[in-house]
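Starting from the known structure of chain S, fit chain F onto it as the hints suggest.
Number of protein chains: 2
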Amino acid sequence: MLNHYIRETIQERNSMLCVGLDTDPVKIPPYLLKQDNPIYRFNRAIIDSTHDLVAAYKPNLAFYEALGLEGWAVLKQTLDYIPEGILKIGDAKRGDIGSTAIKYAKALFDLGFDVVTVNPYLGWDSIGPFVHDQEKGVFVLCLTSNPSAQDFQYRMVEGKPFYQRVAEKVLEWNSNENCGLVVGATHPEELLKIRETAQNLPFLIPGIGAQGGDLESTISGGTDGHGEMAIVNSSRGIIYASSGEDFADAARNEALKLKDAMNSLRLKKKEQSE
Amino acid sequence: MLNHYIRETIQERNSMLCVGLDTDPVKIPPYLLKQDNPIYRFNRAIIDSTHDLVAAYKPNLAFYEALGLEGWAVLKQTLDYIPEGILKIGDAKRGDIGSTAIKYAKALFDLGFDVVTVNPYLGWDSIGPFVHDQEKGVFVLCLTSNPSAQDFQYRMVEGKPFYQRVAEKVLEWNSNENCGLVVGATHPEELLKIRETAQNLPFLIPGIGAQGGDLESTISGGTDGHGEMAIVNSSRGIIYASSGEDFADAARNEALKLKDAMNSLRLKKKEQSE
Numbered sequence: 001m002l003n004h005y006i007r008e009t010i011q012e013r014n015s016m017l018c019v020g021l022d023t024d025p026v027k028i029p030p031y032l033l034k035q036d037n038p039i040y041r042f043n044r045a046i047i048d049s050t051h052d053l054v055a056a057y058k059p060n061l062a063f064y065e066a067l068g069l070e071g072w073a074v075l076k077q078t079l080d081y082i083p084e085g086i087l088k089i090g091d092a093k094r095g096d097i098g099s100t101a102i103k104y105a106k107a108l109f110d111l112g113f114d115v116v117t118v119n120p121y122l123g124w125d126s127i128g129p130f131v132h133d134q135e136k137g138v139f140v141l142c143l144t145s146n147p148s149a150q151d152f153q154y155r156m157v158e159g160k161p162f163y164q165r166v167a168e169k170v171l172e173w174n175s176n177e178n179c180g181l182v183v184g185a186t187h188p189e190e191l192l193k194i195r196e197t198a199q200n201l202p203f204l205i206p207g208i209g210a211q212g213g214d215l216e217s218t219i220s221g222g223t224d225g226h227g228e229m230a231i232v233n234s235s236r237g238i239i240y241a242s243s244g245e246d247f248a249d250a251a252r253n254e255a256l257k258l259k260d261a262m263n264s265l266r267l268k269k270k271e272q273s274e
Numbered sequence: 275m276l277n278h279y280i281r282e283t284i285q286e287r288n289s290m291l292c293v294g295l296d297t298d299p300v301k302i303p304p305y306l307l308k309q310d311n312p313i314y315r316f317n318r319a320i321i322d323s324t325h326d327l328v329a330a331y332k333p334n335l336a337f338y339e340a341l342g343l344e345g346w347a348v349l350k351q352t353l354d355y356i357p358e359g360i361l362k363i364g365d366a367k368r369g370d371i372g373s374t375a376i377k378y379a380k381a382l383f384d385l386g387f388d389v390v391t392v393n394p395y396l397g398w399d400s401i402g403p404f405v406h407d408q409e410k411g412v413f414v415l416c417l418t419s420n421p422s423a424q425d426f427q428y429r430m431v432e433g434k435p436f437y438q439r440v441a442e443k444v445l446e447w448n449s450n451e452n453c454g455l456v457v458g459a460t461h462p463e464e465l466l467k468i469r470e471t472a473q474n475l476p477f478l479i480p481g482i483g484a485q486g487g488d489l490e491s492t493i494s495g496g497t498d499g500h501g502e503m504a505i506v507n508s509s510r511g512i513i514y515a516s517s518g519e520d521f522a523d524a525a526r527n528e529a530l531k532l533k534d535a536m537n538s539l540r541l542k543k544k545e546q547s548e
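Chains as they are written, first to last, in our numbering: chain S, 1 to 274; chain F, 275 to 548.
Isolated chain S (complex conformation) (with noise of 0.2 angstroms):
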């Protein structure tokens, strides 16, 4: 079942840390773009220089489409080069009707993901072929880390804020053990109250860094009640800590300093909760 390998891959690499493969061709030191293939050689040296760091790897799937017909190419490379033992999830954000998710299940799970971000809206159809195979399986979009979050997701509906009604939903899509949450970091007090809805659930984390999300109570809201299943996520703070050549070994030093910060926040969370 895909949610005890998330909480066995947690525990056995010691890292709720996901880095996150949003790599821009604007954005990766210049000197990398004179030579061939330069997404993958960037992508390359991140997972070399952070691999024994991290639980999860999540490249997002728009980043890839946006380099037009290599893009899928680039990403397969990528997800064929990260070691075994590593959570490849797919931030593709998903959902379409039944016949048409069986499709984009296929396409993903295909390409070498465990597990894919998938988008509530369409309903249990659209996530369906996504969990089917319990070696498989989503992280679905609960409540996200973007400012317009409030647009729909905090919407009262009979009487309870949308997000929670997603969260239970979710609940009854999990009898395969193979179902989490996308719940942003710039939410601490939801990320609280949704916690306690869905209990043992894998979180997938992102908003810390460069979108504001607050360490401390991520960790302590968003982590079971052992300190356990959150998988939190950094994407620019770590692959651009520097634009220059040392840019593998800045990434490494970032990854060892959120990893460091959020285990020792874990410890505390777990000595007080035994």
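Please note: incorrect hints may appear among the correct ones.
To be verified - The list that follows gives simulated cross-link-like pairs (lysine-lysine, BS3-like), each with its CA atoms no further than 30 angstroms apart:
1) K169/S / K443/F
2) K76/S / K308/F
3) K350/F / K27/S
4) K467/F / K106/S
5) K169/S / K467/F
6) K106/S / K34/S
7) K350/F / K76/S
8) K301/F / K136/S
Simulated from the structure, these hints should not be mistaken for lab results.
Below, chain F alone, put in the same frame as chain S:
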């Protein structure tokens, strides 16, 4: 402005028909698979045989992603082959935070789409990058054609169904007159209500044919007061009308029937309204 262009396209081409290019290697005539680039060959034949009958073509991106590395190239070839003056709708259902939405918008519009489908769940900052250019735009998922639309889209949000809240919000987002709504033909009563809320927006209406939507209620409920501003999609019912070598002719017959039936119905509505 995109919405003017949509209105003109329907009028000038005297068609509300959109053919969905959801091309699946498992469903195309088997003899094509022995030739090179079968998906593009199939699409080209469908376009050749139907282009004078349609207002739009709508490839669903899932079907191209499922082709793996060559998918994006086949999609690009297909878009390049569509004659000028026909709307190119990218059925992508994307929705991501602002910095990522910029990437998706670039990827899809650069590929050649005029308009793409987007998911409202992340709110305005996920939509903004798609509507800055007033010649391009979006169809926002409002009420989808699939059975589990009921999981969230019908939930009551402060006294109104969620899909109505989406329609209201999209009216706010339409300052560049380049936003429309996706409303499934499988919900005729709701289609009528949403049209009352959003009187002037273009509607993209999937769900007739294989999904069971009724044509008469779709046209009477889904068009604006003048019997205009609706684009009705059919995918499987047209492109897979025959699995033999006559597939392109069979597609033309189905497209012609559907186009004519829709035009009779909207003429009736037009006459009643005048």
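Evaluated hints:
1. K169/S / K443/F: holds (24 angstroms)
2. K76/S / K308/F: holds (27 angstroms)
3. K350/F / K27/S: holds (26 angstroms)
4. K467/F / K106/S: Answer violated: K467/F to K106/S is near 36 angstroms, above 30 angstroms.
5. K169/S / K467/F: holds (27 angstroms)
6. K106/S / K34/S: Judged against 30 angstroms, a Cα distance of about 35 angstroms means the pair is violated.
7. K350/F / K76/S: holds (20 angstroms)
8. K301/F / K136/S: holds (26 angstroms)
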